[in-house]
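Protein sequences, first through last, are from chains U and Z. Letter 54 of the first sequence, counting from 1, is numbered 110 in the numbering used here, and no numbers are missing. Letter 219 of the second sequence, counting from 1, is numbered 1699 in the numbering used here, and no numbers are missing.
Worth flagging that the hints you see were computed from the coordinates, not collected in a lab. Keep in mind the model is a prediction, meaning the values are calculated, not measured. Please note: incorrect hints may appear among the correct ones.
[Said to hold, decoys possible] What the simulated footprint calls covered on chain Z by chain U, stretch by stretch (three residues with Cβ under 8 Å from a Cβ of chain U suffice, anywhere in the stretch; the number is not a length):
(1) 1536 to 1546
(2) 1693 to 1700
(3) 1716 to 1726
[Unchecked claim] In silico contact screen, one side only, chain U against chain Z (beta carbon under 10 Å); selected entries:
(4) I106
(5) S117
(6) A134
Beta carbons: idealized from backbone N, C-alpha and C, even for Gly.
So the chains spell out like this:
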Amino acid sequence: MQPLLLLQAPPAPTGTTQSADDRSQAFKPVTGAPEMQSGERLLVIAYMAIWLCVVVLIVLSYVKQVRLDQRIAALGSALERARRDRPSPPSKTDSDGDA
Amino acid sequence: MQSTLAEPLPEAAAAPPRSGPVDYGFLAMAAATAISFIATISVISFRAPVEATMGIVQKIFYFHVPAAYSMYLGAAVCFFGSAGYLARGTRGWDAVAKAGAEVAVVMGFMVLISGPLWAMKAWGVAWTWDPRLTTSMLSVLIYVAYVLLRGFTGDGDAERKFAAALGVLGAANLPIIHYSVQKWGGNHPKVITNGGGGLQHPDMKLALGLGFLSFTLLTVILVWARARMELSSSKLAELEQEALEEGIGGD
């Protein structure tokens, strides 16, 4: 009797006794299935997104601030040079007083 | 920089200097923020217990709620900066308002990203048109509009005043976000309440408290950095104008 039992087909899973038409038109959920969303994965994605927002803002701010400082320094020194090289006006005392 | 120019720039005095005590203060604040975040992450990861029903995904809460609070802070800074600009008309107030709006946008995106990730687990859907979710998104869109307005229009007085009006009116939505969940119900949980809230463990409360501290420091430092950058932009615009008057062209 034992060999005969081994040759028998395993029991059909629940929900497969429908016809092909039923299966294509009626979706039945499996009860007790594992969760669709992994909490760990969602947590990691959330923390990565949060840090990405912060890091992008900090890096962009830093890069822009450095560029602004360089440009301000360059323009400041150019203005200083231009004023130094400018021919002095006829009345020297007036220009000194204005500065 | 200012001392090298023969004529002092009227707005340059408003810009914090690049060296000296202001920079040390900024560095100290940055260090405090970093330490606070390290402490917060340690407590969230190693001390705060996993929540019984939702599991580990509940730990999103410790950053999601402080980020929402920081969005309020940024929006409040934008409100006061805008009101100050409308009252006084100085570039300093305008810089503060713009910095506040930018921080509100970044914090708002954090809220709108982390919230749906939690909701996917807790509700089974990422988004519902719940009153608090809808009003929060509306508020973020208002500050996105502010930032776009500042980015794509000129930097004249009229544009700054228009943006300031938006900054003042945009704050009207903040109390609506806060009270929407109490007045109109919806799915959004009411964890933080006057009665002590739904955090059942002292380490959960510690993690949330540290989260609030970290995000407050982060908001302050981001507003500071962005306002300083805005004032530098103003100073550069004035120097460029001076350079044009002096006949210094191009680079």
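Against the structure, the hints come out as follows:
1. 1536 to 1546: Holds: 6 residues of the segment 1536 to 1546 of chain Z have a Cβ under 8 Å from chain U.
2. 1693 to 1700: violated (count 1)
3. 1716 to 1726: With 6 residues closer than 8 Å to chain U, the segment 1716 to 1726 of chain Z meets the three-residue bar; holds.
4. I106: 5 Å, holds
5. S117: 5 Å, holds
6. A134: Check passed: Cβ of U:A134 comes within 5 Å of chain Z, closer than 10 Å.
Of the numbered hints stated above, the single one contradicted by the structure is hint 2.
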